[in-house]
Amino acid sequence: MKKFRKVLDGLTTSSPGGTIGSPSGGSAAGTPTATPTPREIDIQETLVSENFQLCKTVRHGFPYQPTALAFDPVQKILAIGSRTGGVRILGRPGVDCYCQHESGAAVLQLQFLINEGALVTACADDTLHLWNLRQRRPAVLHSLKFNRERITFCHLPFQSKWLYVGTERGNTHIVNIESFILSGYVIMWNKAIELSTKTHPGPVVHLSDSPKDEGKLLIGFESGTIVQWDLRLKKADFRIYYDEAIHSVSWHHEGKQFMCSHSDGSLSMWNLRNTTKPFQVTFPHGKIQKDGRKESCKPILKVEYKTSRNSEPFFIFSGGLSYDKAGRRPTLTIMHGKAITVLEMDYPIVEFMALCETPYNNEVQEPYAVVVLLEKDLIVVDLTQSNYPVFENPYPMDIHESPVTCTAYFADCPPDIIPILYSIGVKHKKTGYSQKEWPVGGGTWTLGSHTYPEIIITGHADGSIKFWDASAITLQMLYKLKTSKAFEKPKPSEGRVADLVEDDPFAIQMVSWCPQSRIFCVVGISAHIILYRFSKYDANTQIVSLEVRLQCEAEDVISPSENENNPCFTESGTHSPQPHHQHAASPGSGTTEGNKDSNPCLKVKDRMVRVPPGYQAELVVQLLWADGEPPQQITSLDINSAYGLLAFGNCNGLAVVDYLQKTILLCMSTLDLYGAADPYQRLTRSPRRNRQSTSGLTELSDNQQSIDMDRSKSPTSVKGPGRKLSLPTDLKTDLDHVNGHCTSPASQSCSAGKPRVPMGPEGPRLTRRGPGRPPFRKAQSAACMEISLPVSHTEAAATESRENSFSRSRSSSVSSIDRDTKEAITTLQFGESYARKSDTLPTPCLWVGTSLGVVLLIPMSIPTDHEERMEEPVTIGPSGTVLMLKGSVLRISFLDCMGALIQSPYEVWRDLNAHEDPDRMRSRKLVHISPSSSQDTCGEGHLAVVCSEKQAKVFLMPSQSCLFVHNITESSFVLRADVVSVCNSVCLACFCANGHVMTLSLPSLRPLLDVNYLPLADMRIARTFCFTHGGQALYLSSPTEIQRITYSQEMCDNLQEMLGELFTPIETPEAQNRGFLKGFFGGNSHNFDREELFGEAAAGKGSRSLAQHIPGQAGMEGMKVAASGVVGDLARARIALDERGQRLGELEERTALMMTSAETFSKHAHEVMLKCKDKKWYQL
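In numbering that gives the first Met the number 0, the protein residues as written are 0 to 1179.
Just so you know, these hints were derived from the structure itself, not from any lab.
Where a beta carbon is used, it is the ideal one built from N, C-alpha and C, also for glycine.
The calculated EDC-like cross-link candidates involving lysine to aspartate or glutamate, where the alpha carbons are at most 16 Å apart (straight line), are:
hint	residue 1	residue 2
1	Lys924	Glu866
2	Lys337	Glu311
3	Lys160	Glu115
4	Lys375	Glu343
5	Lys429	Glu400
6	Lys428	Glu391
7	Lys375	Asp345
8	Lys160	Glu1095
9	Lys535	Asp910
10	Lys190	Asp229
11	Lys479	Asp461
12	Lys301	Asp263
13	Lys255	Asp236
14	Lys55	Glu1056
15	Lys160	Glu1090
16	Lys428	Glu400
Simulated restraints, written as ranges between beta carbons of each label pair:
hint	residue 1	residue 2	range
17	Lys924	Glu356	56 to 66 Å
18	Glu1069	Ala1164	30 to 40 Å
19	Lys428	Met869	33 to 43 Å
Hey, can you work out the whole structure from these sequences and the hints?
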């Protein structure tokens, strides 16, 4: 524990230059800046660097771009491989593990070592990997890299340690799973086919051992050639040459016949008695045309032939539909007897697999379910019911149901909020699922001791909001809210909406939630805000609509006199409430497109509507069109339930709404908020300079808005017409506005006026789509990875322009800026504070942070009595207090003088629709946490922590003196920052554009953690990264997955306890007893010893140049010892003894069976002898 003693100037006056001048230079730790005074405050900082460690915890959602599927029928766990080299292993709810190949190569195939706790992955870089699943975090034990041949197919027989590997050249190699060394035994393609064959058979697409005889290997080549290879005799038993290409092969469990699927949409059945031609060929979806020919069909990519003891066999296949039916969805077909069922899927089928009761391929399979892996979903079909219902998926696989556009993370929520949300959400769940238990139930998971209520909120492109229970590193959907229900459906003919956001006008940009009062607020892409209250009862309600004009004038207002005479805000400086149905006319509204002025982008339902229990819309605030231009995007939002106020801002100004009285309290431009305290000397723009600017940056976008204008759009704005660049080239420019605001004081005009462009054929369209246009025509998800650049100029010029704009926007020495530069409101924070230096008591305040690094304090006078609060107006107005930082302000938080985090005041939740005791429910119960409530020994005042894109400062209030300053980064900039509680203390957590995650102590701003977590932050991560208390954070790692991380050492230490066990000791089911006749005449499969054929003694070593062995992090023995405890060792030893005893028992049974059969044969022979001994030869 390190103790910091800081001498403060609490009640003494300080130089104004110290608060609004340029900040001091950077330092390794926070730099004290205050002057000594007699007053002292002791703050003991308990956090040290040893309290922090960064690691991934768990990944939720559907695996992005899946490629492969595997299932362990004994352990009952499922594995999914992806194109990016990831492997997700799923068991019972809570058992969810993510592994990643270091190479990042796509996973081609997965093979479980059934009931062995291991998994083999074959990747696109022609490498085999063996994963150990007997530990909570699987690791690679061995790798085998093929150098000269490409892997196309793998097969691992049950209870075998020899893996068959087929290659693109048509060869089949054999790998020892234990040592991961190549055997010298090779089946060359030219030996497998006849010497007279003139063409190459193609790559190996199938490998399987015969259920009748494990010594026979069936090899399928892409060209249509099928060979059964006798492993003992090293020769082909038979060869089949078929005209159509083969995609898959599936055996009957008796090993007497098999089925193939082909590229022409046919299924061929082959019998081993006669392999010259198939004894059956069917086109399941091919009809006979009028001319007598079969219609052409799509390939059947996979078929499975599964037998059932009490019914007809199942034929399950994907594809095979006729080509003439365009637009048909992908299908899975189930043929059972004479019944043919076609299941249509929402997405293309990647892979499917029938789940069977037995792991043995020579027994009746008894399929009970089919796992279908789609491109964007995972479903399991119940085969035991004739209507084939699907199982309800317990995993959160539908995060991406609509593209995710924003995220929020709340830890340590009130304990009653999760049950109440679940009770409301469960009523709206889909029905018709199978009543049986989810078949993937492997592994074990228990609720850890270090758990607390956590909720994740995701906003989506279709306007929906999802609340997720994220407690104990799991994820379960609680409640879904559709914000579009507050509006009338937009008609395609409405030009205003069509020009704006054609497909996703309700996309969510940001959310603000007060868990204590259950007040919820969302910001949408159409410059609208919806306020929701929570109720357990349904109600009839009418949504109140407020319309705000927060728009600047056109660019041609350039003289100071014109600006002064025609203020761009009709409500500028107004402190009294504004009637929400009245809007003053704008001087610039008399344009050719004036018919759009004073209209919002969406139309709120103006009738009584019946709303179900849950979140119910109470108020909608919309920004209005002006001068033929759509409103600027909302860049900041804060709500306070105790004050009953809602504040929001954009790159034009700030508005404050009283949602209790449904009135607008304040609507001012950012410039007007300063009053006489403006720290910048704002220059008017001369016509000559305007022309120079037009020929400079503006010229880059001759028929399109400039790059800097585009950067003023919201976080979800990255798409538009033009040439597209990949992310790494354009990261810096687009990340410049990722926080949702304009940040360039020197190069952005961000005006809502019409751009000066030459009038031509494109003129009117360009005029409609000015720089104020909302960010995308089709809502871009947070996974969007590309932005647009002008088409008409070279990449070099555009890049140079972006770099110049970036450097200017991050400059800390801007002393004069354009008069018409728009300063965006980037962050807002309500709280009890001191608006002026002379204040002796804290009052309700609104802290406003801007894109120029300025913090403004706006005091408010709010009636305390409940009746007065509902009738008397709230007075609000700027105080003139200005604080300065470098870079755009991202976060403002408050600490008391003991260093503890001060929570904002809130209202205790009350159900306004409750029927019982309405008088009691009508009164408001407020919880105020005053900065001086527990500081009798420390005196009055509090600390304000302000973090910008470049630096962090700690101010003492009310003196406004800067106590500590720390320059966070010079080469990059901060994307996300928050003051969070960790280990019973608080720290400042930051995520930078260069991928660094940092934590700073409070209040001294000492660096505690700085980890290069990501080599380069892409746009998806930048837009969705968020911190929360308890040392946790999350981001969207792919368009379909949420990755949670922790930067707390304590949670890293407890992570093993919280994760589920993938492997549980289970006895391998016994093989069915084969009858005497099957045992006597069914072949000698049990006498097959692969070690004698493939071992080094018999086959020699494999070619070292063909495959290279790469050891994993540890050897097999070392990894097992490290991953297992005494209980695991005893369990495995017991299983080994059981298996050894089982094998001895099987040997004894076979011996007894042979003795019994010999006695039976002797008995029958004796009976025949007695019967025939007295007969003549001609009587026989």
